[in-house]
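Participant: Residue-level listing of the chains:
Protein chains: 2
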Amino acid sequence: MKKKKKILEGSTKKLYSTDEPEHIIQEFMDTVLKDGESKSTIKGKGAINNQICGHLFEYLEGFHIPTHFVKSIGNKEMLVKKLDMIPVEIFVHNIATGEFCKRFGQKDGQELELPIVEMFLKKPELNNPMINNGHVVAFGMATTEDINQIERFSSKVNAVLKSFFTRRGLKLVDFKLEFGRHKEKIVLGDEISPDTFQLWDSKTKERLGLDKITSGESTPESAYEDIFNRIFKS
Amino acid sequence: MKKKKKILEGSTKKLYSTDEPEHIIQEFMDTVLKDGESKSTIKGKGAINNQICGHLFEYLEGFHIPTHFVKSIGNKEMLVKKLDMIPVEIFVHNIATGEFCKRFGQKDGQELELPIVEMFLKKPELNNPMINNGHVVAFGMATTEDINQIERFSSKVNAVLKSFFTRRGLKLVDFKLEFGRHKEKIVLGDEISPDTFQLWDSKTKERLGLDKITSGESTPESAYEDIFNRIFKS
Chain A
1 MKKKKKILEG STKKLYSTDE PEHIIQEFMD TVLKDGESKS TIKGKGAINN QICGHLFEYL
61 EGFHIPTHFV KSIGNKEMLV KKLDMIPVEI FVHNIATGEF CKRFGQKDGQ ELELPIVEMF
121 LKKPELNNPM INNGHVVAFG MATTEDINQI ERFSSKVNAV LKSFFTRRGL KLVDFKLEFG
181 RHKEKIVLGD EISPDTFQLW DSKTKERLGL DKITSGESTP ESAYEDIFNR IFKS
Chain D
1 MKKKKKILEG STKKLYSTDE PEHIIQEFMD TVLKDGESKS TIKGKGAINN QICGHLFEYL
61 EGFHIPTHFV KSIGNKEMLV KKLDMIPVEI FVHNIATGEF CKRFGQKDGQ ELELPIVEMF
121 LKKPELNNPM INNGHVVAFG MATTEDINQI ERFSSKVNAV LKSFFTRRGL KLVDFKLEFG
181 RHKEKIVLGD EISPDTFQLW DSKTKERLGL DKITSGESTP ESAYEDIFNR IFKS
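Going down the list, the protein sequences come from chains A and D.
Position 32, counted from 1, in the first sequence is what this note's numbering calls 32; the numbers after and before it change by one each time, with no gaps.
Position 201, counted from 1, in the second sequence is what this note's numbering calls 201; the numbers after and before it change by one each time, with no gaps.
Simulated from the structure, these hints should not be mistaken for lab results.
Do not rely on the hints blindly, as some may be mistaken.
Pairwise CB distance ranges, derived in the manner of DEER restraints [unchecked claim]:
id: 1; chain 1: A; residue 1: K102; chain 2: D; residue 2: I7; range: 42 to 52 Å
id: 2; chain 1: D; residue 1: K39; chain 2: A; residue 2: Y59; range: 57 to 67 Å
id: 3; chain 1: A; residue 1: S222; chain 2: D; residue 2: K183; range: 38 to 48 Å
id: 4; chain 1: A; residue 1: K102; chain 2: D; residue 2: E9; range: 28 to 38 Å
id: 5; chain 1: D; residue 1: T204; chain 2: A; residue 2: E125; range: 55 to 65 Å
id: 6; chain 1: D; residue 1: K107; chain 2: A; residue 2: R181; range: 19 to 29 Å
id: 7; chain 1: A; residue 1: E37; chain 2: D; residue 2: S234; range: 47 to 57 Å
id: 8; chain 1: A; residue 1: E221; chain 2: D; residue 2: E111; range: 27 to 37 Å
id: 9; chain 1: A; residue 1: K205; chain 2: D; residue 2: L33; range: 52 to 62 Å
id: 10; chain 1: A; residue 1: L126; chain 2: D; residue 2: E125; range: 19 to 29 Å
id: 11; chain 1: D; residue 1: K3; chain 2: A; residue 2: K123; range: 26 to 36 Å
id: 12; chain 1: D; residue 1: L15; chain 2: A; residue 2: E113; range: 26 to 36 Å
id: 13; chain 1: A; residue 1: L8; chain 2: D; residue 2: G109; range: 53 to 63 Å
Some chain D residues flagged as far from chain A (calculated, every beta-carbon gap over 10 Å) [said to hold, decoys possible]:
id: 14; residue: D19
id: 15; residue: E113
id: 16; residue: E118
id: 17; residue: K123
id: 18; residue: K171
Stretch by stretch, here's where chain D covers chain A in the computed footprint (C-beta under 8 Å, at least three residues) [unchecked claim]:
id: 19; stretch: 107-117
id: 20; stretch: 124-133
Even glycine gets a Cβ: it sits at the ideal position worked out from N, Cα and C.
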């Protein structure tokens, strides 16, 4: 398998084509978008995210959730199946916090009785407006069957990951997923990493990752290392 | 039955208590909110909306959709059951137009293959954010059963009214509904009137009501009279 040309560069990841038409390379970069605009660098983030993401994708496959992950092929790179992506971002919330609370006037830190699954149209030029199953089907992005499958997978990912993190003394607060199609089947794509999920310490309710960086309690590097250690060394 | 004190004054309606604790009076005003701010008056609007709304609520009851309508008791007033309102606005879209198109970057005037049912939290101080069934249940506003019932009623109201208007040479573009509880049952409340639905002429695609007023094609008074005549005299 040979790496060929770059096909996409996002704010935190790059995608490369390979000589295998069904596979592409997903590279996790050290960059992070500040305030949705200027980029800064967190040394080691790409490698940490690549390892966490690969581990979680493999773990989910064990629970019959199909993902695009094929194998890790380097420090910052994984080989993934090439998906036909559905331009929808799925957010799952277990605890109301941050932007979610502001949007609905909810108290910060409240555990939700039932997880909330939100969908947003991936159109940054329209500020990613919220949608529901009806929009997805009416706009021709997926069939009713597909979007129901995506909802079921999202809830299952939540259940599986919640208990994965609970065993490590962590609360899964919320996370983002993106799905695509591979040979007519719905497959989990994109990434699951500290860039796309929020974790709190179960006992102390300490907020890990980005929250800790923003509050100045931790350097960006050690915030990512901390999450890595809690996942793999606890 | 005696009218007692005013319990609520909105931008287009007033509610009064009566000497019957289960019943209140809903008055349709001639006022209209311009740009969501300043009020102006359209002579005759209250009476037209009261008549259309009463007629449609009665019509829907015939299709086993429970509404709060009891009877018309005057030119601008109807007696309605007192509901425990659920603070959610339901919008049903059959044709993509206006704000809906801007929000999603859709072409104006496109018929949707399937109707889209949207829900918004009624919190003007938060700009009525969009929500889904999950939020409604998690925020304790309704049970899963109730919100599923509300969705079923909304789709049924759409099917019934679409054919009602089709027979009058009109297309039901979109409309808003609000529901509440009466003796533990989900009941359609608020209003269904030219203030809450949009109609187009089926053949010419001419936009009636507010659109015609904004474009200057029609005086406000004659726009409402036109809708009244098309519903009752065609």
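Participant: Could you check the hint for me, namely that K39/D and Y59/A are 57 to 67 Å apart, CB to CB?
Facilitator: Since the Cβ atoms of K39/D and Y59/A sit about 59 Å apart, the hinted range of 57 to 67 Å holds.
Participant: Within the stretch 124-133 of chain A, is the number of residues with a Cβ closer than 8 Å to a Cβ of chain D three or more?
Facilitator: Held - the stretch 124-133 of chain A has 6 residues with a Cβ nearer than 8 Å to chain D, which meets the minimum of three.
Participant: Regarding L126/A and E125/D, is the given constraint of 19 to 29 Å on their beta-carbon distance met?
Facilitator: holds (24 Å)
Participant: Is it true that E37/A and S234/D lie within 47 to 57 Å of each other by Cβ?
Facilitator: holds (56 Å)
Participant: Is 42 to 52 Å respected by the C-beta to C-beta distance linking K102/A and I7/D?
Facilitator: violated (31 Å)
Participant: Measuring from beta carbon to beta carbon, are K205/A and L33/D in 52 to 62 Å?
Facilitator: Violated - the Cβ-Cβ distance for K205/A and L33/D, about 44 Å, lies outside 52 to 62 Å.
Participant: The output says K171/D does not contact chain A. Does that hold with a beta carbon cutoff of 10 Å?
Facilitator: holds (17 Å)
Participant: Compute the least Cβ-Cβ separation between E118/D and chain A, then decide whether it is above 10 Å.
Facilitator: violated (7 Å)
Participant: Looking at K123/D again, its CB stays over 10 Å from all of chain A?
Facilitator: Since the minimum Cβ distance to chain A is about 6 Å, K123/D lies within 10 Å and the statement is violated.
Participant: For the hint 27 to 37 Å, verify it against the beta carbon of E221/A and that of E111/D.
Facilitator: Between E221/A and E111/D, where Cβ atoms are some 54 Å apart, the hint is violated.
Participant: For the range 28 to 38 Å, tell me whether the beta carbons of K102/A and E9/D fit it or not.
Facilitator: holds (30 Å)
Participant: Quick check: do three or more residues in the stretch 107-117 of chain A have a beta carbon closer than 8 Å to a beta carbon of chain D?
Facilitator: holds (count 6)
Comparing the model with each earlier hint shows violations of hints 1, 3, 5, 8, 9, 11, 13, 15, 16, 17; every other hint is respected.
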